[in-house]
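A.B. asks: Residues per chain, in single letters:
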Amino acid sequence: MAVLNAPRIVSSRSEFADSFTLSRYLATGGYQGLKKALGMHPEAVGAEVDAASLLGRGGAGFPAGRKWSMLRRAPVSYLVINGDESEPATFKDHFLVERDPHQLIEGVTIAAYALQVTQAFIFLRGEFALGLERVQQALNESYEHGALGANIFNSGFSLDIVVHPGAGAYICGEETALIEALEGKRGFPRIKPPFFPAAIGLYGAPTVVNNVETMANLPWIIENGGAAFAALGAGRSTGTRLFALSGRVKNPAMFELEMVKNSFRDLIFDPDLGNGIIDDRAIKAFIPGGVSAPWFGPEHLDLALGQDEVAEKASMLGSGSVVVFDETTCAVRAAWRITKFFSRESCGQCTPCREGSGWLERIMFRLEHGGGRREDLDLLLDLCDNIAPGLSWPPQQTTICVLGSSIPSSIHSAITMFKDEFLAHVVNDGCTHG
Amino acid sequence: MSHLRPELRQRAEETVALYPQRRSAMLPLLHLVQEQDGYLSAEGMDEVAELTGTTPAEVRGTASFYDMFHLEPVGTYVVGVCTNIACLLAGGQELLQHASERLGCAVGSTSPDGLFTLEETECLADCNIAPCVQVNHRFVRTTTPDSFDALVSDLREGRRGDEVPPHGTLNRVRRVGGLRVSRTQIASERSTALAARDARTTAEPK
Numbered sequence: 001m002a003v004l005n006a007p008r009i010v011s012s013r014s015e016f017a018d019s020f021t022l023s024r025y026l027a028t029g030g031y032q033g034l035k036k037a038l039g040m041h042p043e044a045v046g047a048e049v050d051a052a053s054l055l056g057r058g059g060a061g062f063p064a065g066r067k068w069s070m071l072r073r074a075p076v077s078y079l080v081i082n083g084d085e086s087e088p089a090t091f092k093d094h095f096l097v098e099r100d101p102h103q104l105i106e107g108v109t110i111a112a113y114a115l116q117v118t119q120a121f122i123f124l125r126g127e128f129a130l131g132l133e134r135v136q137q138a139l140n141e142s143y144e145h146g147a148l149g150a151n152i153f154n155s156g157f158s159l160d161i162v163v164h165p166g167a168g169a170y171i172c173g174e175e176t177a178l179i180e181a182l183e184g185k186r187g188f189p190r191i192k193p194p195f196f197p198a199a200i201g202l203y204g205a206p207t208v209v210n211n212v213e214t215m216a217n218l219p220w221i222i223e224n225g226g227a228a229f230a231a232l233g234a235g236r237s238t239g240t241r242l243f244a245l246s247g248r249v250k251n252p253a254m255f256e257l258e259m260v261k262n263s264f265r266d267l268i269f270d271p272d273l274g275n276g277i278i279d280d281r282a283i284k285a286f287i288p289g290g291v292s293a294p295w296f297g298p299e300h301l302d303l304a305l306g307q308d309e310v311a312e313k314a315s316m317l318g319s320g321s322v323v324v325f326d327e328t329t330c331a332v333r334a335a336w337r338i339t340k341f342f343s344r345e346s347c348g349q350c351t352p353c354r355e356g357s358g359w360l361e362r363i364m365f366r367l368e369h370g371g372g373r374r375e376d377l378d379l380l381l382d383l384c385d386n387i388a389p390g391l392s393w394p395p396q397q398t399t400i401c402v403l404g405s406s407i408p409s410s411i412h413s414a415i416t417m418f419k420d421e422f423l424a425h426v427v428n429d430g431c432t433h434g
Numbered sequence: 001m002s003h004l005r006p007e008l009r010q011r012a013e014e015t016v017a018l019y020p021q022r023r024s025a026m027l028p029l030l031h032l033v034q035e036q037d038g039y040l041s042a043e044g045m046d047e048v049a050e051l052t053g054t055t056p057a058e059v060r061g062t063a064s065f066y067d068m069f070h071l072e073p074v075g076t077y078v079v080g081v082c083t084n085i086a087c088l089l090a091g092g093q094e095l096l097q098h099a100s101e102r103l104g105c106a107v108g109s110t111s112p113d114g115l116f117t118l119e120e121t122e123c124l125a126d127c128n129i130a131p132c133v134q135v136n137h138r139f140v141r142t143t144t145p146d147s148f149d150a151l152v153s154d155l156r157e158g159r160r161g162d163e164v165p166p167h168g169t170l171n172r173v174r175r176v177g178g179l180r181v182s183r184t185q186i187a188s189e190r191s192t193a194l195a196a197r198d199a200r201t202t203a204e205p206k
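As they're listed, the protein sequences go chains A and B. The numbering of the first sequence is this note's numbering, which starts it at 1 and goes up by one. The numbering of the second sequence is this note's numbering, which starts it at 1 and goes up by one.
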């Protein structure tokens, strides 16, 4: 049975139709965390986040407190919020910016206070038109309410937040590409190490880049204490997390669940959660954390929803998005479409990614649509090995950013798990699924 | 002579003033050009160059990187159908095919009446209501051929104007006022905070 008794930390207002308004936010305890934080020493605020062991919710799972402590001390520094959510099957930040923009703004203000940063940018995906409007409206209300701007709640602390629209590029979810886009350039990731944004970021100044969901956790953490947050979950995976469930399930939706306490089986099959597979068919496989993650078969269903638990089985919890394949799903078609995505979204800076993704896509296309050859399987794996040598997990990197090394995941998983299906595609000269 | 009409020119100048460096306003300003012209006109991009202190070539070179910017005219309604993994599993490819037939244009092109441009999109982050369809970057949540057809009829007859503004209009909520905190105030607060922090670190050696 699923464990559903944890507090809802970031999705507590979701049942209210007016959850995005200031009046609803204030009526449900809004801006109390910020008021408390402003009465604390900035470093004490950072210490609470450290005590919470809040792992960044963007996908890499780097501890937020540690990221903050790396911020190089300088007269000018920036806080940038990554709301460029584009990892396929991930829709948590979309939900958070549309449904609870004040919670995001409160979180950003708390983080800015802890870091003593006075200028923050919220970079939102351009396709979130409604989200942009909701966040701008909430910013206007927050300024009016005195929760933002000069001398916030008479604390002496001041902050401006600017919401910045992206324009359609998956790569801008990579933090240095996002910074480039925010500087008005093409979204080309920067070479790192040695210099991460905490040392050289926006306009060359020290910059912290944090995910939307990470920020949304902060009001609760400050109000209830880092220890209360750390008491939820287990091991390195503390607190709750938004799990985005999609694919061949009866109830595709987003669920806020305590970390580690539930398994993939709970998420997919519990009547209160995914409620099982459409038409009660058999589950074939699932992707545990966005399309960059290697796939899992049904044998991993009882794995706990935790960062390290998934990493130990050579995949990742990533962005918390779970995609379910049933027996009607063609593995070749699924892997082809994911590869096509990477091919379209490669920024083009590095040869292995730019050329490799296109080659892989064309081979996958001919396997799926006719014209595939038996030797294509070896060719695919050889190309994948050129992009991410050794095909290990976590992958080796031959490119500036991890988009390149994420490309092989789906193809490698599909060939390893469903080789017979590939061979059938060769024999039948294309796909025979519905 | 400004290509942007006065109201948009004013918004453009206010936008530039929000950033420490002018070039940062590039993407927001390009969205404003699309709001006026429906696509990125050469005159509009020239004006963005002037406003951001860059050259028209830099503007074009930046704009061409991003999928949402159209360097050629598009229909009044840009219809995006997602076929990425979650939508693929829910029939996105079939819905895209249906949309192409219904609108009378191939994927990536504009219908003969100039009303619709059809695009195959990557994941739009609304995967629980799949396949995902956006019109002018508004989630319209039509997941079946029937509901898609109803949407198209509504759009043809101008019945969804509130929900779906013309292509290019992204954010209809104006920022009230520019930055609220003056740069001098920020500088003085920062130096006080940094001095206090330095004093503490010197007082408590590690």
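Among the hints, a few may not be true.
Just the calculated beta-carbon pair ranges, DEER-fashion [stated by the list, open to error]: (1) B/108 <-> A/66: 40 to 50 Å; (2) A/398 <-> B/101: 18 to 28 Å; (3) B/157 <-> A/16: 30 to 40 Å; (4) A/43 <-> B/20: 37 to 47 Å; (5) A/301 <-> B/147: 45 to 55 Å; (6) B/191 <-> A/39: 14 to 24 Å; (7) B/113 <-> A/358: 46 to 56 Å; (8) A/358 <-> B/64: 11 to 21 Å; (9) B/72 <-> A/1: 47 to 57 Å; (10) B/17 <-> A/302: 33 to 43 Å; (11) A/204 <-> B/144: 47 to 57 Å; (12) A/39 <-> B/55: 27 to 37 Å; (13) B/144 <-> A/301: 46 to 56 Å; (14) A/18 <-> B/176: 16 to 26 Å.
Read the hints as simulated data drawn from the structure, not as lab findings. We treat Cβ as the ideally placed atom computed from N, Cα and C, and that holds for glycine.
A.B. asks: So, for every hint listed, does it hold in this structure?
C.D. replies: Now the hints, each set against the structure:
Checking the proposed 40 to 50 Å range against residue 108 of chain B and residue 66 of chain A shows it holds: the Cβ atoms sit about 45 Å from each other. A C-beta distance of roughly 42 Å is found between residue 398 of chain A and residue 101 of chain B, which places it outside the suggested range of 18 to 28 Å. At about 33 Å, the beta-carbon gap between residue 157 of chain B and residue 16 of chain A stays in the expected band of 30 to 40 Å. As the Cβ distance of residue 43 of chain A to residue 20 of chain B is approximately 26 Å, the hint placing it in 37 to 47 Å is violated.
At about 33 Å, the beta-carbon gap between residue 301 of chain A and residue 147 of chain B misses the expected band of 45 to 55 Å. Look at residue 191 of chain B against residue 39 of chain A: about 23 Å separates their beta carbons, and that is inside 14 to 24 Å. Residue 113 of chain B and residue 358 of chain A have their C-beta atoms about 35 Å apart, which leaves the hinted 46 to 56 Å range violated. At roughly 18 Å, the beta carbons of residue 358 of chain A and residue 64 of chain B sit within the given window of 11 to 21 Å.
At roughly 56 Å, the beta carbons of residue 72 of chain B and residue 1 of chain A sit within the given window of 47 to 57 Å. Range check, residue 17 of chain B to residue 302 of chain A: about 56 Å between beta-carbon atoms, so the 33 to 43 Å window is missed. Checked against the hint of 47 to 57 Å, the C-beta distance between residue 204 of chain A and residue 144 of chain B comes to roughly 51 Å, which is consistent with it. The supplied range of 27 to 37 Å is broken by residue 39 of chain A and residue 55 of chain B, whose beta-carbon atoms lie about 50 Å from each other.
Hint check: residue 144 of chain B to residue 301 of chain A, Cβ distance near 30 Å, so the stated range 46 to 56 Å is violated. The given range of 16 to 26 Å is respected by residue 18 of chain A and residue 176 of chain B, whose C-beta atoms sit roughly 20 Å from each other.
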